[in-house]
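A.B. asks: Here is how the chains run, residue by residue.
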Amino acid sequence: MTDLRVLSEIDARVWKIEVAPGDSVTADMTLLILEAMKTEIPVEAPRAGRVKEIMVKAEDPVSEGQVLLILEV
Amino acid sequence: MSWQREVDELNRRLEMAKAMGGAENVARHHARGKLTARERVDGLADPGSFDEFLGLVGSATYDGAELTAFTPKPTVEGMITLDGRKAVVVAGDFTVRGGSGGMGGGMGREPRASERALEWRLPFIRLQDGAGGSVRSFEEFGRTYLPDGNAYTQYEVQLLSKVPVASAVLGSVAGIPAVVACLGHFNVMVKEISQIFPGGPPVVKAALGIDITKEELGGDQIHTRISGCVDNLAEDEADAFTQIRRFLSYLPPSVDEMPPRAPITDDPDRADEALLSLMPRNPRQSHNARKLIEHLVDKNSFFEIAPLYGRARITGLARIDGYPVALMANNSRFNGGSTDVAEGNKVMRLISLCDTFHLPLISLCDEPGFMVGPNSERMGIERAGARLLTAVCSSRMPWITVVVGRVFGVAGQCHHRPSGMYRRYAWPSATWGSMHISGGVAAAYRREIEAAPDPAAKQAEIEARLNAIASPFRTAEATGQDIIDPRHTRRKLVQFVHDAQRILATQVGVPWIPYTP
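Protein chains in written order, with our numbering: chain A, 1 to 73; chain B, 1 to 517.
One should not assume that every hint holds.
The calculated BS3-like cross-link candidates involving lysine-lysine, where the alpha carbons are at most 27 Å apart (straight line), are [what the hints assert, rightly or not]:
| hint | chain 1 | residue 1 | chain 2 | residue 2 |
| --- | --- | --- | --- | --- |
| 1 | B | K458 | A | K38 |
| 2 | B | K291 | B | K214 |
| 3 | A | K38 | B | K291 |
| 4 | B | K291 | A | K16 |
| 5 | B | K492 | B | K458 |
Not the full set, but computed from the structure, chain A residues with beta-carbon under 10 Å of chain B [unchecked claim]:
| hint | residue |
| --- | --- |
| 6 | D28 |
| 7 | I33 |
| 8 | L34 |
| 9 | T39 |
| 10 | E40 |
| 11 | P42 |
| 12 | K57 |
Quick caveat, the hints were computed from the structure, so don't treat them as lab data.
Built from N, CA and C at the ideal position, the CB exists for glycine as well.
Given these sequences and hints, build the entire structure.
C.D. replies: This is the structure we're talking about:
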C-alpha cells in the first residue's frame with residue numbers, strides 16, 4: 001500500500017466532492033469536480049484504490065500542483 | 001613486417017579517448033547522478049550499433065615522439081541505429097573542460113557530425129551537456145575572438161528543412177548550446193539535472209544583481225511550462241532516450257522520403273461505443289480530450305508533444321492504421337480549450353512539422369476562440385493570431401478536422417483550410433458561429449436590450465431565438481457540411497489517411513516554407 005497524491009492540474013475552485021474517506025474507487029472514477037472558466041473539470045482516479053484523506057472542501061480555491069486528496073493504492 | 005605497432009598505437013589512442021576527462025572527472029559526473037557521454041550514446045542507440053567518427057581528435061602531450069597523455073575533444077559523435085534505422089548522434093562530454101570548446105580544425109578538417117547528417121540525409125540527435133564558449137579559451141589562444149559560431153551552426157539550420165533534429169538537454173547547458181537546444185523539431189529535458197540559459201546564475205548576478213539558482217533560472221518548471229523552449233520533460237535520462245526514439249519513429253529519415261508505416265496493430269473499423277456519449281450535453285461540462293484521442297488513433301500510438309505548455313491545445317504524433325499522423329485537440333479542461341499565444345505556437349510548429357515531413361494533420365476541434373482579456377492583449381494575441389492564420393492558409397499537408405464540439409471565431413477559422421486536400425466532419429454535438437451567442441447577443445443587440453423594460457429577460461429572449469436556429473443540421477441543409485455518427489470517426493480517419501498518402505507522395509522534398517524552430 002502506498003499513498004498516491006492526486007494533484008490539481010490547474011488553478012480552479014472546488015465545485016463538488018464525489019467521494020468520502022474510506023471509499024473504494026476504480027481507475028477513471030470521478031473523485032471531485034473543479035470549476036474554472038465556467039466549466040466543470042472532473043478529477044479522475046489515476047488508479048484503483050481507497051480514498052485515504054480529502055484535503056479540500058467545496059468552494060475552496062485550489063492552485064496548480066496543490067494536493068486535492070490522497071489515495072491508498 | 002606488419003603494421004601491428006601502429007595498430008597498437010591506434011588502439012591505445014582509442015582507449016585513452018574512452019577515458020574521456022579522466023577517472024576523477026567521470027566519478028564526479030556520476031556522483032551528480034548523470035551518465036557520461038558514452039553511456040548516453042549506448043543508452044540511446046541499438047546495442048552495438050555505435051560507429052564513431054572523429055574519435056582520435058583531442059589534445060595530446062608527447063615526450064619526444066612518444067604519446068604520454070591524451071584528452072579527447074569534449075564531444076562523442078558518430079552514427080547509430082534506432083530500431084534499425086540509421087541516425088547521427090553528438091553527445092557533449094561534460095567531463096572534458098565542462099563540455100566547453102570545440103575541436104579546432106583548419107585545412108583538411110573532417111566534416112562535423114552536422115555536415116555528415118546533412119549530406120547523408122540522416123536524423124540528427126544532440127545529447128547536450130556543457131557550456132559553449134569559456135573565457136578560459138581566451139588565455140589559451142592569447143586573444144579573444146569574434147562570436148562567429150554561425151560558421152558551423154549554419155549547417156544545423158540547414159538540417160531543419162532536410163532531416164529530423166532532436167535534442168536532449170542532459171545537464172546545465174549554457175551559451176550557444178542553450179540556443180542550439182531549440183534548433184530542432186523536438187527537445188526534451190530531464191527532471192532536476194537539466195537547465196538551459198544563455199547565461200547562468202553568475203552571469204545573471206553580474207548583469208542584473210539577482211541571486212537565482214540554476215533550476216529557478218532555466219529548469220523544467222520554466223522551460224516546459226512557461227517559456228515553451230523545451231517540449232517534453234523526462235523522468236530520467238533513459239526516459240529522454242525513449243522519447244527521442246519514439247519521436248523519430250514517426251518521421252522519415254529525411255524530407256526526401258515518406259514517413260514509415262508501422263505494422264498494423266489495431267482494427268481500422270474499431271467503433272468505440274463510448275464515443276456516442278463522450279461529449280457532455282450540458283455545456284458547463286467538459287469532455288476528456290485525451291480519452292477522445294485514444295478512442296480514435298491506433299492503440300497506444302499517441303505521443304504527446306509539449307504537454308505542459310499551452311495546455312489548452314493537445315498536440316502530438318500518432319498512427320492511423322499504421323500510418324504516422326500529426327494530431328491536435330482542444331483541451332476544454334484548461335482555459336476552456338481556448339487559443340492563447342502559447343497554444344498558437346504549438347499549432348504552428350505542428351503544422352510546420354507536417355509540411356516538412358509529410359504527415360497528414362488531424363484536428364479534433366472544440367474551439368471556443370482566442371483567449372480574451374487584458375493578459376492576452378499584453379501577449380499580442382492579434383499578431384499571434386495573424387501568424388497562426390498565415391500558417392494555416394499556407395500549409396499544404398492533407399488535413400482533416402472533426403468538429404466534436406464548439407468552433408467559434410477566428411481561432412475556429414484556424415481549424416479550416418479552404419484549399420488543398422482538406423476534409424471536415426461534424427459530430428451531432430457540434431456548435432458553431434462567427435461568435436458565441438451569449439457574448440455576441442450582448443454586443444450586437446445592445447441598444448434593444450438596454451431599451452427593454454427588463455433587459456435580462458430581453459437578452460434571454462434573443463438568445464433563445466438564436467439558439468433555436470443553432471442546430472448543426474440547419475447548417476448542413478444549406479452548406480453540405482457532413483455530420484457523422486461519432487462512432488464512425490475512426491473509420492473516416494483511416495479512409496482519409498489512406499487517401500492522403502498519394503498527395504503526400506507528391507510533396508516529398510524540401511518544404512516550400514523552411515522550417516522555423
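A.B. asks: For each hint, tell me whether it holds in the structure or not.
C.D. replies: We went through each hint and held it up to the structure:
{"no.": "1", "hint": "K458/B x K38/A", "verdict": "23 Å, holds"}
{"no.": "2", "hint": "K291/B x K214/B", "verdict": "37 Å, violated"}
{"no.": "3", "hint": "K38/A x K291/B", "verdict": "22 Å, holds"}
{"no.": "4", "hint": "K291/B x K16/A", "verdict": "22 Å, holds"}
{"no.": "5", "hint": "K492/B x K458/B", "verdict": "43 Å, violated"}
{"no.": "6", "hint": "D28", "verdict": "9 Å, holds"}
{"no.": "7", "hint": "I33", "verdict": "9 Å, holds"}
{"no.": "8", "hint": "L34", "verdict": "9 Å, holds"}
{"no.": "9", "hint": "T39", "verdict": "5 Å, holds"}
{"no.": "10", "hint": "E40", "verdict": "5 Å, holds"}
{"no.": "11", "hint": "P42", "verdict": "8 Å, holds"}
{"no.": "12", "hint": "K57", "verdict": "21 Å, violated"}
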